[in-house]
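> Kindly produce the complete structure, drawing on both the sequences and the hints.
Listed below, chain by chain, are the residues.
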Amino acid sequence: MLLDAKGALAAPSAAKLYDVPRFGNVHLLHFTDCHAQLKPIYFREPNVNLGIGDAIGRMPHLVGEKLLKQVGLKPNTPEAYAFSYLNFEKAAQTYGKVGGFAHLSTLVKRMKAGRPGALLLDGGDTWQGSATALWTNGQDMVDACLELGVDVMTAHWEMTLGDKRVKEIVEKDFKGKVDFVAQNIKTTDFGDPVFPPYVLKEMNGVQIAIIGQAFPYTPIANPRYLVPEWSFGIQEENMQAMVDEARSKGAKVVVVLSHNGMDVDLKMASRVRGIDAIMGGHTHDGIPAPVIVSNPGGKTLVTNAGSNSKFLGVLDFDVRGGKVQGYKYRLLPVFSNFLPADKNMDALITKIRAPYESKLNEKLAMTEGTLYRRGNFNGTFDQLIVDALMDVKGADIAFSPGFRWGTSLLPDSPILMEHLMDQTATTYSYTTLSDMSGETIKTILEDVADNLFNPDPYYQQGGDMVRVGGMSYTIAPKEKMGARIQDMRLDGKLIDASKTYKVAGWAPVAEGASGEPVWDVVAQWLRTNKTVTPRKLNTPRIIGMDGNPGIAS
Amino acid sequence: VFAADWKSGGFDAKSLPETLKALGASGAQISTDIAVNGPDIAENGAVVPVSVTSKAAKTEFMAILVEKNPNPLSASFTIPEGTEPTVSTRVKMGGTSNVHALVKADGKWLIASKEIKVTLGGCGG
Amino acid sequence: MGNPMRIRASASGDVVEVKVLMRHDMETGQRKDAAGAAIPAHFIQTLVAKCNDKVVLDSLMGTSISKDPFLSFKFKGGAKGDKVTITWTDNTGDSRTDETVVS
Ligand SMILES: [Mn+2]
Ligand SMILES: [Mn+2]
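Protein chains in written order, with our numbering: chain A, 1 to 553; chain B, 1 to 125; chain C, 1 to 103.
Hints should not be assumed to be uniformly reliable.
[As the list claims (entries may be wrong)] FRET-style restraints, in silico, Cβ to Cβ: (1) C:Ala34 / A:Tyr430: 32 to 40 angstroms; (2) C:Glu17 / A:Asp143: 30 to 38 angstroms; (3) A:Ser294 / C:Gly36: 55 to 63 angstroms; (4) A:Arg22 / C:Glu17: 41 to 49 angstroms; (5) C:Val15 / A:Asp143: 46 to 54 angstroms; (6) A:Asp143 / C:Ala41: 51 to 59 angstroms.
Note that these hints are calculated values from the structure, not bench results. Just so you know, even glycine gets a beta-carbon here, dropped at the ideal spot from N, CA and C.
Next up, the structure:
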């Protein structure tokens with residue numbers, strides 16, 4: 001059945017939605033990838049999230065109606081709005097904004113009230129993604145997480161604040177309050193652990209272990225110079241050793257707080273023994289039900305909890321006789337209209353933002369169309385960025401990194417400085433303008449495509465394809481590296497491998513980059529244009545993906 | 001060991017077959033007793049941690065070869081009795097390549113391989 | 001004489017794990033300097049590790065070992081208080097020896 005844009009949207013029943021009775025005796029609350037979004041926002045889920053190889057048609061590579069069908073959700077409901085892109089504009093108007101730490105805090109308190117001893121886990125990508133997080137060097141999020149009552153945390157984008165800042169927060173702000181865990185971060189000299197690999201906690205008489213798994217490819221996806229003395233990686237053998245060690249110390253429940261990305265979580269769950277659940281993030285997949293993965297040691301639940309403080313995962317275990325006997329999991333959407341703001345958190349956020357309000361609220365332009373980022377190949381907000389880069393820099397071609405964070409804007413709404421920063425706020429958002437040969441352009445696209453479409457999840461980095469402006473191309477995701485990118489054209493003419501093109505970009509990972517911040521370039525363009533017409537998405541022609549349920553147009 | 005050993009050790013060879021030949025290991029058999037460990041994706045192509053482990057009895061020699069480097073042989077190790085047949089080091093890689101662990105055990109040559117990807121980087125969720 | 005190494009040797013039962021960080025440029029001979037002149041090859045070629053007087057590892061290295069080489073290995077039969085000595089020589093004839101006590 002096709003969705004009718006004018007179709008009646010089911011009335012939400014907040015009481016029912018958030019009525020989640022306690023089950024069992026071990027309780028874990030999980031949020032991840034909030035990307036520093038303290039205030040409620042709009043967030044459009046992707047309509048392209050292709051799976052390759054074994055991942056075809058499997059979670060998380062289902063979109064739209066296929067996704068709803070798989071998890072048994074009805075269209076035109078608050079849940080369909082939360083988990084899919086379907087009917088986005090209409091549903092957004094009906095159900096309102098999502099997330100916001102004051103509303104998340106109310107939900108956390110509600111869940112904790114019925115769950116004595118419950119632990120709140122933060123999967124990382126928490127201290128980056130907003131203007132205030134950048135301008136306060138992450139302090140706004142650190143303070144908000146302490147107020148929220150985070151118990152255990154692991155990390156990814158946190159590292160882009162630099163190793164010294166991360167250490168400072170962990171050793172001062174978090175001391176005695178938040179356990180920062182990562183089994184896979186070691187020093188680059190002798191390979192010594194940088195953080196505790198796991199933490200043991202007792203809950204209602206049950207020993208549990210939370211093992212941290214930071215984003216394995218942090219020094220590759222982000223600048224290595226920000227963490228020069230730390231090495232990451234998947235470290236599967238060490239993960240197994242840590243699970244065994246935690247069990248030998250009496251843990252009856254072992255949970256991995258992961259920032260692997262869901263495909264990597266699924267592979268890890270199939271190979272490492274003795275993990276009860278991997279609660280994951282990084283790929284920003286909001287997955288309503290756990291995926292149950294078999295391995296030589298038994299079964300492991302894999303959950304992923306979306307992004308932008310839009311969801312709270314609630315995992316209950318029934319542990320008796322030293323064993324997990326049963327579980328219940330819910331991924332609760334945070335609808336800010338249906339959850340009153342927590343007063344203390346709201347006051348803290350107001351205080352944090354006060355010095356910056358006028359800067360945040362500068363109206364740069366109006367957008368006529370929806371602006372969003374998520375999708376394997378492009379989003380309208382990235383299109384806006386590459387359009388602005390080409391215009392302002394006088395480039396033939398522009399690249400924008402395949403970041404998965406970034407909030408959405410509804411049609412006919414103002415684009416504020418805050419919204420632009422939601423797309424661009426990193427510690428290395430320099431713009432670049434380079435002369436690149438056609439061959440180099442192809443090499444870059446092939447490299448990124450392999451990070452996304454390598455059939456082995458351990459070779460994936462969990463972002464999206466670099467967004468391309470000005471140039472058209474064809475992609476064959478199932479091909480091998482070097483053969484995926486075809487028919488690259490500029491103004492209809494084939495790109496010449498030996499010819500040089502002017503390419504604009506931003507957020508280079510190499511050391512020594514400098515250049516005007518991308519938000520200045522795009523703000524300048526927006527102020528000049530005043531009104532942004534609906535963007536025409538430059539997406540590649542896709543070959544060999546017919547029938548893949550990870551794409552809907 | 002002396003410089004003379006180095007000269008005859010296969011370090012000047014410019015391809016995998018040439019290196020195996022120089023070491024007298026052309027007939028090396030693929031073996032699951034040998035493991036080469038390293039990252040799936042290198043964090044830094046100039047410093048790639050690689051370790052080689054052998055479960056084969058009487059392991060007397062181990063070597064690390066990066067197939068696509070100008071000179072594939074990175075290091076070789078003579079393992080005296082009492083030393084465990086496992087060594088770790090860090091190698092330079094010019095690009096994505098198969099990395100091979102070559103082992104001589106009880107007079108036989110054994111080999112195992114792993115692909116390590118060297119990427120441009122820069123994307124992220 | 002080269003720069004000093006950092007060596008760790010720790011015993012667990014009768015197995016000693018040794019980790020060594022050398023300081024050496026490990027120039028391949030294939031790089032050029034800013035002026036375009038070839039930078040001559042300069043790299044460690046041999047390494048010998050001893051526990052007291054017994055050789056516990058004997059290694060040859062090529063130019064593709066990373067700058068500031070790292071090596072780790074384990075041997076049986078060592079004990080706390082034993083002396084572990086590492087000696088390298090490079091292609092220019094330079095060499096260096098450092099030692100540590102097993103802890
Ligand atoms: Mn991430
Ligand atoms: Mn993220």
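> For each hint, tell me whether it holds in the structure or not.
Results for each hint:
1. The given range of 32 to 40 angstroms is broken by C:Ala34 and A:Tyr430, whose C-beta atoms sit roughly 24 angstroms from each other.
2. For the pair C:Glu17 and A:Asp143, the beta carbons lie near 43 angstroms from each other, so the given range of 30 to 38 angstroms is not met.
3. Our hint of 55 to 63 angstroms for A:Ser294 and C:Gly36 holds, since their Cβ atoms are close to 59 angstroms apart.
4. Taking 41 to 49 angstroms as the suggested C-beta distance range, the pair A:Arg22 and C:Glu17 conforms, at roughly 47 angstroms.
5. Distance hint check for C:Val15 and A:Asp143: the Cβ-Cβ separation is about 48 angstroms, which falls inside the suggested range of 46 to 54 angstroms.
6. A beta carbon spacing of about 54 angstroms between A:Asp143 and C:Ala41 agrees with the range 51 to 59 angstroms that was offered as a hint.
Figure legend: structure checked against the earlier numbered hints; hints not met, in rising order: 1 and 2.
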